[in-house]
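So the protein sequences, as listed, match chains A and B.
Each position in the first sequence, counted from 1, maps to that position plus 34 in this note's numbering.
Each position in the second sequence, counted from 1, maps to that position plus 19 in this note's numbering.
No lab work stands behind these hints: they were computed from the structure.
The C-beta atom is built at its ideal place from N, Cα and C for all residues, glycine as well.
Do not rely on the hints blindly, as some may be mistaken.
[Stated by the list, open to error] Interface residues of chain B toward chain A, partial, derived using beta-carbon atoms under 10 Å:
1) 38
2) 105
3) 151
4) 189
[Stated by the list, open to error] DEER-style ranges, computed between Cβ atoms:
5) B/38 <-> A/179: 52 to 62 Å
6) B/97 <-> A/204: 27 to 37 Å
7) B/256 <-> A/207: 18 to 28 Å
8) B/94 <-> A/210: 43 to 53 Å
9) A/207 <-> B/255: 53 to 63 Å
10) A/154 <-> B/44: 43 to 53 Å
11) A/225 <-> B/156: 21 to 31 Å
12) B/44 <-> A/210: 49 to 59 Å
13) B/85 <-> A/302: 19 to 29 Å
14) B/85 <-> A/200: 51 to 61 Å
[Said to hold, decoys possible] In silico lysine-lysine, BS3-like type, Cα no more than 30 Å apart, as pairs:
15) B/276 <-> B/259
16) B/156 <-> A/209
17) A/217 <-> B/156
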Amino acid sequence: MSATVQSLRAGGAPRRRRLVHVSQGCERVALLAIALVVWQLAAGGNRSLYFPPPSEVLPRVGEEYLSGPWTSLFLGEATFDHVVPSLSRMLRGFTLGAFAGVALGVLLGLRERARQYVEPMLQFGRAIPASTLLGIILVVFGTGDGPKVALIATGALFPVLFNTMEGVAAVTPVKLDVASVFKVPTRQRLLGVVVPAATPKVFAGLRTGLSIALILVVLTEFIGAFNGLGYRLVQAQRNFVIVDLWAALVVLSVLGVALNAALGLIERRVLRWHRGETGGADE
Amino acid sequence: MSSTCSDVVLSVSGLRHEYRSDRAVQVALADVGFEVGRGEVVVVVGPSGCGKSTLLRIVAGLLRPTAGTIAVDGRPIDGVPDGLGMVFQDYSRSLYPWLRVRANVEFPVRTRLDRPERRRRAEESLAAVGLSAQADKYPWELSGGMQQRVAIARALVGDPELVLMDEPFASVDAQTRSELEDLLLELHGRLGVTVLLVTHDIDESVYLADRIVVLSAAPSEVSATVDVDLARPRDQLATKADPEFLELRARVAGLLKSKRDPAEIQQPAGAPLEGVDDSRPAKVPL
């Protein structure tokens with residue numbers, strides 16, 4: 035029984051632990067640095083057209099994306115022209131999909147009968163990669179921002195929906211009995227019991243949804259877009275400015291890592307109790 | 020009943036519960052009836068699987084009986100009665116791990132009282148179970164006994180008319196168990212709460228109860244109601260050494276034994292008491 039686990043903070047030597055964290059972080063970054071050096075050496079020697087060395091790519095990133103005046107936080111023109119639109123589409127789509135996913139998931143998680151009727155349909159919906167809907171969406175809804183955001187939302191929706199549904203359906207019955215016995219209002223039952231109990235699952239869905247949203251935003255900008263990192267990638271490729279292509283990829287990866295880290299941070303805060311309860315608290 | 024109406028908090032009569040399993044209809048409760056007076060501690064004992072917990076879930080309105088009526092304060096109830104407090108056996112699941120102890124205790128009155136008032140009530144409730152210092156911890160940072168104290172504080176926070184306890188001390192060690200039993204008696208003495216408690220432990224039933232309702236094996240009926248007139252306040256050592264305690268204990272044990280297996284009645288004295296402990300580990304929480 036996990037009940038009697040007493041993972042009380044040991045309290046001892048927080049400073050030493052922080053040092054350990056820092057040194058571990060250094061080790062991990064060191065590997066990344068080594069990879070860059072290897073790439074530099076490998077690409078620097080033969081002046082490959084398609085694989086420019088980091089010494090060319092990284093300055094290009096700085097020039098394009100980070101060369102602005104201090105009044106704009108040093109962010110360059112390309113950041114405003116391409117990163118901001120991409121980020122905005124992605125976040126709008128992801129937020130929309132996440133909210134819809136959680137709302138539908140809670141509803142279907144609670145209503146077993148409804149779930150049984152709807153699930154086959156949802157299974158088909160999930161089986162169709164959202165990216166393949168791009169053609170239809172372009173033809174029917176055009177090239178505006180709305181259809182792009184909608185497609186991203188659709189992609190992010192399914193993992194969130196399925197995970198939430200599972201999490202809600204798996205809430206320990208006695209937790210709901212408690213709410214019944216104390217006659218708490220439906221709102222408190224939902225937001226105070228069902229949703230918090232399902233949050234570990236919801237976050238698993240959000241993480242998957244976020245990576246899908248990142249893929250989809252780039253994809254929707256390949257065709258019928260006039261800005262965004264996806265547009266930038268295609269332009270660079272068509273004009274054979276390979277360095278620009280690589281620079282956009284670097285920016286994309288940084289964006290992905292940053293967004294994941296941000297979600298991870300929120301998750302750590304929101305699910306502090308979960309790590310504690312399951313014995314996974316920070317030692 | 021009408022003459023004593025104001026003194027009877029809970030009245031159960033003709034309660035029957037059937038359920039389906041593998042195409043057969045099982046009868047958990049055949050015909051159960053009893054009353055709980057204001058300020059009384061009534062303990063229901065019965066062999067494992069006799070439907071004690073089912074009975075409590077029906078009274079709590081979590082389960083619909085096949086037949087029979089439940090009346091609280093003389094009014095027939097369909098669903099969860101007002102002014103109910105409940106303590107479940109499995110504290111690790113019944114407390115909310117995402118809420119700190121204080122918020123767990125405030126949970127039943129969160130929308131019913133304004134903030135300062137519910138804060139005050141929670142403080143009071145936690146003080147009553149001796150956990151004021153743990154209010155800002157999470158339940159999973161506490162020992163099992165402390166967690167069950169939190170559950171008791173939560174049951175009391177709304178100033179309940181009736182507190183239901185479903186094998187509340189079955190999941191803690193023996194030492195903690197006696198402590199919690201004494202805590203319950205102390206709270207009962209101080210607050211005068213009305214308690215309906217289910218247990219399979221005969222010692223516990225005699226030690227806590229004003230009255231014991233003995234259920235037979237399923238399909239259950241009330242095989243006897245035993246009044247317990249042991250003096251209060253009670254004491255783990257003195258009360259349990261009292262000849263009256265021993266006599267009551269033997270009587271309840273005998274009642275359980277005879278209903279469980281009539282053939283064993285012929286066994287020499289002493290045997291019934293031993294047989295009683297068999298039922299202890301058999302009850303496994305879901």
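Enumerated hints in conflict with the structure, sorted upward: 1, 3, 4, 7, 8, 9, 10, 12, 13, 14
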